[in-house]
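Enquirer: Residue numbers (my numbering), protein chains in the order written: chain A, 933 to 1149; chain B, 559 to 741.
Errors might be hidden in some of the hints.
[As the list claims (entries may be wrong)] Derived pair list, reagent style EDC-like, types lysine to aspartate or glutamate, alpha-carbon separation capped at 16 Å:
{"#": "1", "chain 1": "A", "residue 1": "K1086", "chain 2": "A", "residue 2": "E1097"}
{"#": "2", "chain 1": "A", "residue 1": "K961", "chain 2": "A", "residue 2": "E1094"}
{"#": "3", "chain 1": "B", "residue 1": "K614", "chain 2": "A", "residue 2": "E1141"}
{"#": "4", "chain 1": "A", "residue 1": "K1052", "chain 2": "B", "residue 2": "D698"}
{"#": "5", "chain 1": "B", "residue 1": "K720", "chain 2": "B", "residue 2": "D623"}
{"#": "6", "chain 1": "A", "residue 1": "K1114", "chain 2": "B", "residue 2": "D698"}
{"#": "7", "chain 1": "A", "residue 1": "K1024", "chain 2": "A", "residue 2": "E1048"}
{"#": "8", "chain 1": "A", "residue 1": "K951", "chain 2": "A", "residue 2": "E1083"}
{"#": "9", "chain 1": "B", "residue 1": "K573", "chain 2": "B", "residue 2": "E728"}
{"#": "10", "chain 1": "B", "residue 1": "K630", "chain 2": "A", "residue 2": "E1141"}
{"#": "11", "chain 1": "B", "residue 1": "K614", "chain 2": "A", "residue 2": "E1083"}
{"#": "12", "chain 1": "A", "residue 1": "K1121", "chain 2": "B", "residue 2": "E674"}
{"#": "13", "chain 1": "A", "residue 1": "K1114", "chain 2": "B", "residue 2": "E674"}
{"#": "14", "chain 1": "A", "residue 1": "K1121", "chain 2": "B", "residue 2": "D672"}
{"#": "15", "chain 1": "A", "residue 1": "K1146", "chain 2": "B", "residue 2": "D682"}
{"#": "16", "chain 1": "A", "residue 1": "K1052", "chain 2": "B", "residue 2": "E700"}
{"#": "17", "chain 1": "A", "residue 1": "K970", "chain 2": "A", "residue 2": "E981"}
{"#": "18", "chain 1": "A", "residue 1": "K984", "chain 2": "A", "residue 2": "E969"}
{"#": "19", "chain 1": "B", "residue 1": "K679", "chain 2": "A", "residue 2": "D1145"}
{"#": "20", "chain 1": "A", "residue 1": "K951", "chain 2": "A", "residue 2": "E1068"}
{"#": "21", "chain 1": "A", "residue 1": "K987", "chain 2": "A", "residue 2": "D950"}
[What the hints assert, rightly or not] Chain A is faced by these chain B residues, among others (derived, beta-carbon under 10 Å):
{"#": "22", "residue": "P568"}
{"#": "23", "residue": "K655"}
{"#": "24", "residue": "R659"}
{"#": "25", "residue": "N663"}
{"#": "26", "residue": "Q707"}
These aren't lab readings, by the way, just hints derived from the structure by calculation. A quick note: this is a predicted structure, and the numbers were derived from the prediction, not measured. Ideal Cβ positions, reconstructed from N, Cα and C, are used throughout, including at glycine.
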Amino acid sequence: MKLVIVNGSPRGRKSNSDKIIEWPISAMKGSPDFQCEKLYAVDIKEREEQMKVLKSADYILVIFPLYTDSMPGITKEFFEHMERNKELLSGKPIAFIIHSGFPEAIQSRSVERYTEYFSKLLSMRYMGSIVMAGSESLTAAPESMFRKKIEAFKSIGRSISEVKEFKAADKIIISGPETLPKYQLFILKFLNPSNFYWNGILKKNNAFEKRLDKPYL
Amino acid sequence: MHLTIINGIPNDDFKNYENALEEVRKSLEKEHKVDFFTVRNMDISYCCGCFSCWLKTPGLCVFNDDMNGILKSMAATDYILYISPVSAGFVTSVTKKVMDRFIPNALPYIKVYDGECHHPKRYDNNVKLGIVVLDEGNVDSEAVQLIFQSFERLGKNMHANKLFKAVAKENDMEVIFNEISNC
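All chains should be built: construct the whole structure from the sequences, respecting the hints.
Expert: Here it is as structure tokens:
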């Protein structure tokens, strides 16, 4: 099976998307005849070549981070090229991974619905979408903190090699909470670990004093 | 009122819409301060996700391009209105790149608003948010609903105090004028 990955991240090869996608791939590498090719939406000048690679795929897996409540602009531009080449893609299985820095899955549900619509629009075989909350911490936290999610992604990788639907249990482990429980929201009001994280980087960059600047006023 | 209008039409195939929009713009300018941006004629890079605008040069993007003018307008405006045709079932990538490049005007921090986490605003202006989807006669209502749902999310993240959603054919651009007049 030839798997083609579309990495929609504006950070390209240095993205969290590139780290996450290795988790399902790692479980597929052993299967016979497995081939994998990665395409990057940031390689905007290579669209023609990229569409040819998509044509050669047995299964397409798209991964992108949530940007202002939907897919990044550069990913959308890639989707527009796919739409223009829909006759090459008709009937191919496609699945999506949508990850976001927010701690709740609800933030990504709207674009998740879009991915199903988009697959239908291109007459492709929609295999499902996986939402993953809390991905920005991957830049700083060790991968061992994501152990359960990594296992669930591996299980999804195995489903893909058998071209089966994803298990609901794996999807839930990966997505995290739909919304945060009340006690957690209460704690966040007073103590938000992500704010310490941002302040730490701001200080390191000598930009902490300017953090609330309003340069356009 | 101060208006920021983002024209996300991707090419020259929508002349009738642009002529109609030009008329609306002229009418609005009689009573309002209108900043009108035709994105496809501007030099605007896609967001590269570097977070410099949050963590290195707070409020300023690493790209020094035509987005500066839009961000300046958005920092003081009362109303941000996006106008876009549908492509691949969503707003155009030309529109989306401006939506992405808004983030210097937000803060990196996360706060709880109505039980969900969102970024606080960098500027104090209270904005209304609008989306007008251009209908060339064959627009799919499912795509329109998906766009509207996405803007409902965006409205929350931008702390908009009003969300206006409309579908317009070339001869009913006055929906824009009527909406602004009623605010």
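Enquirer: Taking the hints in turn, state whether each one holds.
Expert: Right, here's what the structure says about each hint:
1. Proposed proximity of K1086 of chain A and E1097 of chain A is supported: the alpha carbons are some 14 Å apart, at most 16 Å.
2. A hinted pair counts as satisfied when its Cα atoms are at most 16 Å apart, and K961 of chain A with E1094 of chain A qualifies at roughly 13 Å.
3. At roughly 11 Å between alpha-carbon atoms, K614 of chain B and E1141 of chain A fall within 16 Å of each other, so this suggested pair holds.
4. Taken as a hint, the K1052 of chain A and D698 of chain B pair is honoured in the structure, with Cα atoms around 12 Å apart against an allowance of 16 Å.
5. Taken as a hint, the K720 of chain B and D623 of chain B pair is broken in the structure, with Cα atoms around 29 Å apart against an allowance of 16 Å.
6. About 39 Å separates the Cα atoms of K1114 of chain A and D698 of chain B, which puts this hinted pair outside 16 Å; it is violated.
7. A distance of roughly 13 Å separates the Cα atoms of K1024 of chain A and E1048 of chain A; the hinted pair therefore holds under the 16 Å criterion.
8. Restraint check: the Cα-Cα separation between K951 of chain A and E1083 of chain A comes to about 14 Å, which is no more than 16 Å; the hinted pair holds.
9. For the given pair, K573 of chain B sits about 9 Å from E728 of chain B by alpha-carbon distance, which is consistent with the 16 Å threshold.
10. Taking the CA atoms of K630 of chain B and E1141 of chain A, the gap is near 21 Å; set against the 16 Å cutoff, the hint is violated.
11. Proximity of K614 of chain B to E1083 of chain A is assessed by CA-CA distance (about 35 Å); at most 16 Å being required, the pair is judged violated.
12. Among the hinted pairs, K1121 of chain A with E674 of chain B is consistent with the structure: their alpha-carbon atoms are about 11 Å apart, no more than 16 Å.
13. With a C-alpha separation of about 10 Å, the suggested pairing of K1114 of chain A with E674 of chain B holds against the 16 Å cut-off.
14. For the proposed pair K1121 of chain A and D672 of chain B, the alpha carbon gap of about 12 Å is at most 16 Å, so the pair holds.
15. Taking the CA atoms of K1146 of chain A and D682 of chain B, the gap is about 10 Å. The hint holds against a cut of 16 Å.
16. At roughly 11 Å between alpha-carbon atoms, K1052 of chain A and E700 of chain B fall within 16 Å of each other, so this suggested pair holds.
17. About 12 Å separates the Cα atoms of K970 of chain A and E981 of chain A, which keeps this hinted pair within 16 Å; it holds.
18. Annotation: proposed proximity of K984 of chain A to E969 of chain A holds, straight-line Cα distance about 12 Å (limit 16 Å).
19. For the suggested pair K679 of chain B and D1145 of chain A, the alpha carbons sit about 11 Å apart, so the restraint of at most 16 Å is met.
20. Restraint check: the Cα-Cα separation between K951 of chain A and E1068 of chain A comes to about 11 Å, which is no more than 16 Å; the hinted pair holds.
21. A distance of roughly 22 Å separates the Cα atoms of K987 of chain A and D950 of chain A; the hinted pair therefore is violated under the 16 Å criterion.
22. Taking 10 Å as the C-beta cut-off, the interface hint given for P568 of chain B holds, the closest approach to chain A being about 8 Å.
23. Interface hint status for K655 of chain B: upheld, as the beta-carbon distance to the closest one in chain A is roughly 4 Å, under 10 Å.
24. A cut of 10 Å between beta carbons decides the hint on R659 of chain B: the least distance to chain A is about 8 Å, and the hint holds.
25. A distance limit of 10 Å between C-beta atoms decides the matter here; for N663 of chain B the minimum to chain A is near 8 Å, and the interface restraint holds.
26. Among the interface hints, the one on Q707 of chain B holds; its C-beta lies about 5 Å from the nearest C-beta in chain A, closer than the 10 Å criterion.
In summary, the structure is inconsistent with hints 5, 6, 10, 11, 21 from the numbered list given earlier, while agreeing with the others.
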